[in-house]
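If you read the sequences in order, they're chains H and E.
Every number in this note's numbering is 155 more than the matching position in the first sequence, counting from 1.
Every number in this note's numbering is 155 more than the matching position in the second sequence, counting from 1.
Rather than coming from a laboratory, the hints here were simulated on the basis of the structure.
Heads up, a few of these hints could be off.
Identical copies carry no separate label here, and so any pair may be met within one copy or between two of them.
Claimed, not checked - Each computed DSBU-like pair below joins lysine-lysine, with the alpha-carbon atoms no more than 30 Å apart: (1) LYS423 to LYS289; (2) LYS368 to LYS307; (3) LYS500 to LYS326; (4) LYS423 to LYS307; (5) LYS288 to LYS307; (6) LYS324 to LYS500; (7) LYS326 to LYS494; (8) LYS467 to LYS500; (9) LYS485 to LYS500; (10) LYS368 to LYS423; (11) LYS326 to LYS423; (12) LYS494 to LYS368; (13) LYS500 to LYS288.
Now for the letters of each chain:
Number of protein chains: 2
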Amino acid sequence: MSILTYVGAGQMASALTYPVIENGHEVRLVGTPLDREIIDELRRSNFHINLKRTLPDSVKYYQVEEVEEALKGADVVLCGVSSFGVDWFAENILPIIPDDVPMIAVTKGMIDQEDGSMITYPHYWESRLPEGKKLSINGIGGPCTSYELADKDNSAVAFCGRDIETLRKIKAMFTAPYYHVSLSTDVIGVECAVALKNAYALGVSLAVGIAEKNEGIGVQHYNSQAALFGQSVKEMKQLLNLVGGGEENIIYGAGDLYVTIFGGRTRKIGTLLGRGMSFDDAMEELAGVTLESIVIATRTAKAVRRLAENGKVDLADFPLLMHVDDIINKGAEVDIPWKAFETEKF
Amino acid sequence: MSILTYVGAGQMASALTYPVIENGHEVRLVGTPLDREIIDELRRSNFHINLKRTLPDSVKYYQVEEVEEALKGADVVLCGVSSFGVDWFAENILPIIPDDVPMIAVTKGMIDQEDGSMITYPHYWESRLPEGKKLSINGIGGPCTSYELADKDNSAVAFCGRDIETLRKIKAMFTAPYYHVSLSTDVIGVECAVALKNAYALGVSLAVGIAEKNEGIGVQHYNSQAALFGQSVKEMKQLLNLVGGGEENIIYGAGDLYVTIFGGRTRKIGTLLGRGMSFDDAMEELAGVTLESIVIATRTAKAVRRLAENGKVDLADFPLLMHVDDIINKGAEVDIPWKAFETEKF
Chain H
156 MSILTYVGAG QMASALTYPV IENGHEVRLV GTPLDREIID ELRRSNFHIN LKRTLPDSVK
216 YYQVEEVEEA LKGADVVLCG VSSFGVDWFA ENILPIIPDD VPMIAVTKGM IDQEDGSMIT
276 YPHYWESRLP EGKKLSINGI GGPCTSYELA DKDNSAVAFC GRDIETLRKI KAMFTAPYYH
336 VSLSTDVIGV ECAVALKNAY ALGVSLAVGI AEKNEGIGVQ HYNSQAALFG QSVKEMKQLL
396 NLVGGGEENI IYGAGDLYVT IFGGRTRKIG TLLGRGMSFD DAMEELAGVT LESIVIATRT
456 AKAVRRLAEN GKVDLADFPL LMHVDDIINK GAEVDIPWKA FETEKF
Chain E
156 MSILTYVGAG QMASALTYPV IENGHEVRLV GTPLDREIID ELRRSNFHIN LKRTLPDSVK
216 YYQVEEVEEA LKGADVVLCG VSSFGVDWFA ENILPIIPDD VPMIAVTKGM IDQEDGSMIT
276 YPHYWESRLP EGKKLSINGI GGPCTSYELA DKDNSAVAFC GRDIETLRKI KAMFTAPYYH
336 VSLSTDVIGV ECAVALKNAY ALGVSLAVGI AEKNEGIGVQ HYNSQAALFG QSVKEMKQLL
396 NLVGGGEENI IYGAGDLYVT IFGGRTRKIG TLLGRGMSFD DAMEELAGVT LESIVIATRT
456 AKAVRRLAEN GKVDLADFPL LMHVDDIINK GAEVDIPWKA FETEKF
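For reference, chain H alone in the conformation it holds in the complex (with noise of 0.2 Å):
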């Protein structure tokens, strides 16, 4: 038996509970500040109130201030957090997590840097590590919504790290008959395919919303989602390459990109913008969401932007990119840019 220490009770930490504890391993779960109510509620009946699920019984519960007792004898420590609070577990998790404990996160997206290079959550957790410290991190990627993997539906997922026997050992304390797990030592292919994604479901569900305001609520035109799928793909091999990321990844992020179309926040900011809400109005309807492919999609545009500026990247090369950062970040209507989609190749 390991002891598996998670801190961020969010929803897909806490649905990562099933499988660990079905394997025998015990569970501490570390609410952060923002999860006061949710650890209250799972202390007094064990029910999640945002994954809406009841986690299996014998899960432990802390609250933020007994983060300390939760990580002593810990085997594994298990980030949760969102892209939110990942300065936060920066500056308190990190120092207090022992060298020899490695860590694995199941937060997605990169943060961007001065000279228009982005780098994974991995890496900058590193770069942000106490003087001295050691520590391995490790980052959970691929197509898995909490919710499904709660009720134990099928899903694959990648686990990526430096290194591979740590990988292993983590693995097997994760799988499950229903969570399949690949492991890749190809961090910044992982990490950055699976954060890209974000952004892009976003522009594929613009296309679910202009169907919506010509035709009316709830019609579905596939051939624009379809182009937009692939022209998304299309996109994200390019910025696999910047990056210095396998291009095999695309793997993860088509992948995900498919189920984050179909799953919930993302889509719904798309349809809205897509119907011609204005990006300030959709916000607005969706007050108190916390929506990463904004984040993300505005992050990737302005690195790419940067690369551009210094001769590195042509512009006309991410269409699709910079017309989604044209619409959330300068009040751009929205006009897929479709002839510029077009390509020749001889």
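Starting from the known structure of chain H, arrange chain E on it as the hints suggest.
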């Protein structure tokens, strides 16, 4: 004004009358022996009984015995037969197309050869040309359902062929504000990508049926669909490599896979199989429906198995294709080989 003669009055060819007529060209739509009723009704009312749309007024209609008249003065010939009409087209139409008239086909598919290699329809037709005859044979690939094209939704496709100038000339006749055309001289890559998606759309659709079996008709589970989508992209990329097509064509494959999963016939058979119906019963339920996915999956699996016998590929790299083939051709029950999808990359 140019004259375009379409041979085959199926849904896709008929939908392609709209942009070409709008561009001011003459379209002559010739039915195959199977299209007699379609042409009869079109002559009466311009209404296409399968596409369920009224075609543009000025389209001219021909029964198959009038094909030579329809070809007189044609600038381009469009082949609109299905996979099942490929040999009929080779025997009856190819010989009577003048050498200087380029042809473009909407037929998607590939043919497996004795040695396990597969060839595209354009290549197959080239091999079937009468001795000494030369013909420019081009193809159309990409995610585009006929209904949505007829309704002038935005669709993005690829025209492929040996000569970029010919492709540009044909594109000029077809392009429209809602019909976006990329060009590629990588015929194998484009044709292979869009043919394969038929087989894999069936594979992804299995997850639709499995979820319905467990939870009731209409329930959608996207994690498992996305996992199969990712696995499909992976196997399709490998197959593209095998046939010598550029991997970047996965853009068309992924987009086309996306639209096919939502598109109708292939999804139906996959869903029925996923629910637990035997292949024979499912085919009976869908009696009369042409299922190119079955043909493509069977041919591709056969080719891959033969390549494996010759030591050229490892069957373990194609677990989803093999499972689909086992279901279709060996009476196997649906039992997704999830663990075979797991990989290690380091």
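Hints and how they fare:
1. Proximity of LYS423 to LYS289 under the C-alpha cut-off of 30 Å is found in neither arrangement, the shortest distances being 41 Å within a copy and 53 Å between copies.
2. In this assembly of identical chains, the alpha carbons of LYS368 and LYS307 lie at most 30 Å apart only when taken from different copies (15 Å versus 36 Å within one copy).
3. Taking CA atoms no more than 30 Å apart as the test, LYS500 paired with LYS326 passes between copies only; the shortest distance there is 14 Å, against 42 Å inside one copy.
4. When the C-alpha separation of LYS423 and LYS307 is checked against a cutoff of 30 Å, the pair qualifies both within a copy, at 25 Å, and between copies, at 25 Å.
5. Proximity of LYS288 and LYS307 under a CA criterion of 30 Å is satisfied in neither setting, with 37 Å inside one chain copy and 60 Å between copies.
6. Taking the shortest Cα distances, LYS324 and LYS500 sit within 30 Å of each other only across copies (15 Å), while inside one copy they are farther apart (45 Å).
7. Taking CA atoms no more than 30 Å apart as the test, LYS326 paired with LYS494 passes between copies only; the shortest distance there is 13 Å, against 45 Å inside one copy.
8. Proximity of LYS467 and LYS500 under a CA criterion of 30 Å is satisfied in both settings, with 21 Å inside one chain copy and 29 Å between copies.
9. Neither within a single protomer nor between protomers do LYS485 and LYS500 lie at most 30 Å apart by alpha-carbon distance, with minima of 32 Å and 41 Å respectively.
10. In this assembly of identical chains, LYS368 and LYS423 lie within 30 Å of each other by CA distance both inside one copy and across copies; the values are 14 Å within and 28 Å between.
11. Taking the closest pair of Cα atoms, LYS326 and LYS423 never come within 30 Å of each other, the shortest separation being 33 Å inside a single copy and 36 Å across copies.
12. Taking the closest pair of Cα atoms, LYS494 and LYS368 come within 30 Å of each other only inside a single copy of the chain (21 Å); across copies the shortest separation is 43 Å, beyond that limit.
13. For the identical chains of this complex, LYS500 and LYS288 are inter-copy neighbours only, at 27 Å across copies versus 49 Å inside a copy, given an alpha-carbon limit of 30 Å.
Figure legend: structure checked against the earlier numbered hints; hints not met, in rising order: 1, 5, 9 and 11.
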